[in-house]
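There are 2 protein chains.
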Amino acid sequence: MHPADWDAAAKRHRALAKKLRVTIGQDNEILDEALKTADFMINSVPPKDRIRERAPHLKWIQTTAAGVDGLMPMTWLPDDIALTNNTGAHGAKAEESCLMALLMLQSRLPEVIKNQQDRVWKSVFTTPITGKIAVVVGFGDLGQGAGRAAKKLGLEVIAVTRSGKAPRLADRVVSSARIDSVLPKADFVIVTTPLTAETRGLINRDRINLLKPGAGFVNIGRSPIVDYAALRDRLEKGELCGAVLDVFDQEPLPPDSAYWTTKNLVVLPHISCDDPRYIDHLLDFWFLNFERFLAGKKLKNIVDRKLGY
Amino acid sequence: MHPADWDAAAKRHRALAKKLRVTIGQDNEILDEALKTADFMINSVPPKDRIRERAPHLKWIQTTAAGVDGLMPMTWLPDDIALTNNTGAHGAKAEESCLMALLMLQSRLPEVIKNQQDRVWKSVFTTPITGKIAVVVGFGDLGQGAGRAAKKLGLEVIAVTRSGKAPRLADRVVSSARIDSVLPKADFVIVTTPLTAETRGLINRDRINLLKPGAGFVNIGRSPIVDYAALRDRLEKGELCGAVLDVFDQEPLPPDSAYWTTKNLVVLPHISCDDPRYIDHLLDFWFLNFERFLAGKKLKNIVDRKLGY
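Quick mapping for you: the protein sequence lines, in order, are chains C and S.
For the record, in the first sequence the residue sitting at position 12 is 268 according to the working numbering, with numbers rising by one throughout.
For the record, in the second sequence the residue sitting at position 132 is 388 according to the working numbering, with numbers rising by one throughout.
Bound conformation, chain C alone:
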C-alpha cells in the first residue's frame, strides 16, 4: 500500500479517517515503533513474532490477502486480537479468469498456442462448450466466481465443499469426502479452495487419475492442494486437453522450472483473481468494518483460527 492509496481512501471516508492517526511504512524499524501504540494493523504478511509484547494495544489485524495459509497454525495470535482477511475482493476477476480458462481449454488453445510457436497451421475444430460439466472445488468467493462463469457458458456446475452445502448457484453439491464420486464426471475441474489442513493434498495422484480423457484442469486456489507431479504426468501423456495454473509452490517460478514447457499447460503468474484496484476495495472494506468496530458490532471477514479461512 502506498501513502497515496491511503490518502485517497481517507478522502472517501473523511469522518472515519479523522478518528485515526496513521503510520505507513515498508521496513521493520518503522513497524516496531508504530506497533508500540497501534490499535489496528493492515498488512500483507503480519509479523507473528511476540506480537502481544511488541504491540500491547493491538486489537485487530487486517490482511490484504484472502488466503491466510501462510499464517497457520495461529498459535502466535492472541485470542483478543481479531484477524480479518480480504475474501470477497477477488470474485469478479476470478469469474472472468475462469470464463477465459474454460473457453481456452474447450478450444484447445494450449495446443493452438504451441502450434503458433512451431509455425504450424492445424485446424483444431471444437464444439461450443454448452452442456459440459464443471466440478468446482471450494465454493467461497473464488468458487462462486468460477460457478457464475460456468453457468454463463451453459455448463452444469457440481460444487465440492467441506460441509456438502453450497449456494443454489451450483446445480449439485457434494462434501469433499465424496469428491471421488464426481471427479470422473468432470469435463473441467476448477480448484478454488483456500489451503488448509483439510485441503492440503486433497487432489492427490489417485484423484488426478480419476479425470476422464480430454478433461481440462484449472487451479486458482493454492498449489499444495493439487499433486502437480501427477497432473504433469497426465498432461505430458496428452491425456488431458490442458491445464491453466495460476499458482505454484515456488513463486516467482524459477527459469529452470519444468512447468514453463509442460505440454498443454498455460502458466499464469498469479494474476487470475487480482484486480489491480484491490487495495482501494480493501480500504473501503476496512473503513466499513472500522465503523462496525466503533459501533461495537462483530467484524466481517473474521478468520476461523482452526479452519484457517
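Hints in this document: simulated from the structure, not taken from any laboratory.
Careful: at least some of the hints might be erroneous.
Note: identical chains are not told apart, hence a pair may lie in one copy or across any two.
[Said to hold, decoys possible] In silico DSS-like cross-links for lysine-lysine, where the CA-CA straight-line distance does not exceed 25 Å:
id, residue 1, residue 2
1, Lys-315, Lys-275
2, Lys-304, Lys-315
3, Lys-388, Lys-407
Keep in mind the model is a prediction, meaning the values are calculated, not measured.
Please arrange chain S on chain C, whose structure you already have, making use of the hints.
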C-alpha cells in the same frame, strides 16, 4: 461431406429424403455426370464454369460456407438458379470465440503467453473488463454472436452496419460511412463482416491509426477487410494490447509468415466460428429449406447477388 453425414441426415428427415436420388462425390468426373440430371447441389465451392450448359435442370445451389466472396462477381450464376449460403450456423461458436478473445486481450494474455515462452514470471495485473466499449463491425450472424459475448461481459456494444440499423442487442449503431466516429472510442474492435465490394479495405491504415493506445483487435470475418500491415505496425510498436486474428490472406499461413511471431498477436487457424458438427446443422437446414421448396415457399438464406452475402 462424407456419405455417412448424408445417411445420418436422411434418417433424421426420412420422408423428405425418400423424394431424392443422391450422388456424393469428390472428383470432377462424378460431378459432371451428376450435374446432367441434378435439380439441387450442395457444395463448398460450386463449379462456376458453363454451369447452365453442364446442369440443364439445376434449380438451387447450397454452399456449405457462410461467406460467398469467392463466388463474386456472380455473373456466372443464371438468374433462375437460387444460391443459398450457410449463414446462421456459426453464431454460437463465434460468440464463445469472441468471449475468449475479449478476455484474453483484456487480461493481456498475448504478453503472458510470450513471457511463458521466455520463462519470465511477470505479474500483469488487469481489471475486470466490465464497462469497456466494443465496436462490432458487421452485425449479422457472427456480429450478433460477438455482440452477445460483449454484453455477457458487461461491455457497451456499438454496432457498425451497412444500413446503420441493427438489432436491439447493440447499445448503439452507426452506418459504415460513419465508422470513423466510433473507432477512437473502442477498447476492442471485432470485425465480423463478410467480404464484399463495400467491406474490402474498410479498416484501412487511417482507421487502424484511429484505435486508441491499449485497444484490442479481433478479426473473425475475412482478412482483406483489414489492412494487416498497418495493424502489424501498431502491434510491433506495442501500441495495442494485442490482436486475435482467425483469418489470413493466405491459408494455411506459410511457415515463413511474419504473423507467427508478430508481437502480441494470437494466430488462430480459422477455427473461431466452426462447430465441427456444422455439416449436420447444414443438412438439417437444407432439409427444412427443401420442404419450403416443395411447398413453393421462398427459400431461406438466399444470397443477394449484388451485395454478395
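Original post:
What are the numbers of the hints the structure violates, in ascending order?
Top reply: none
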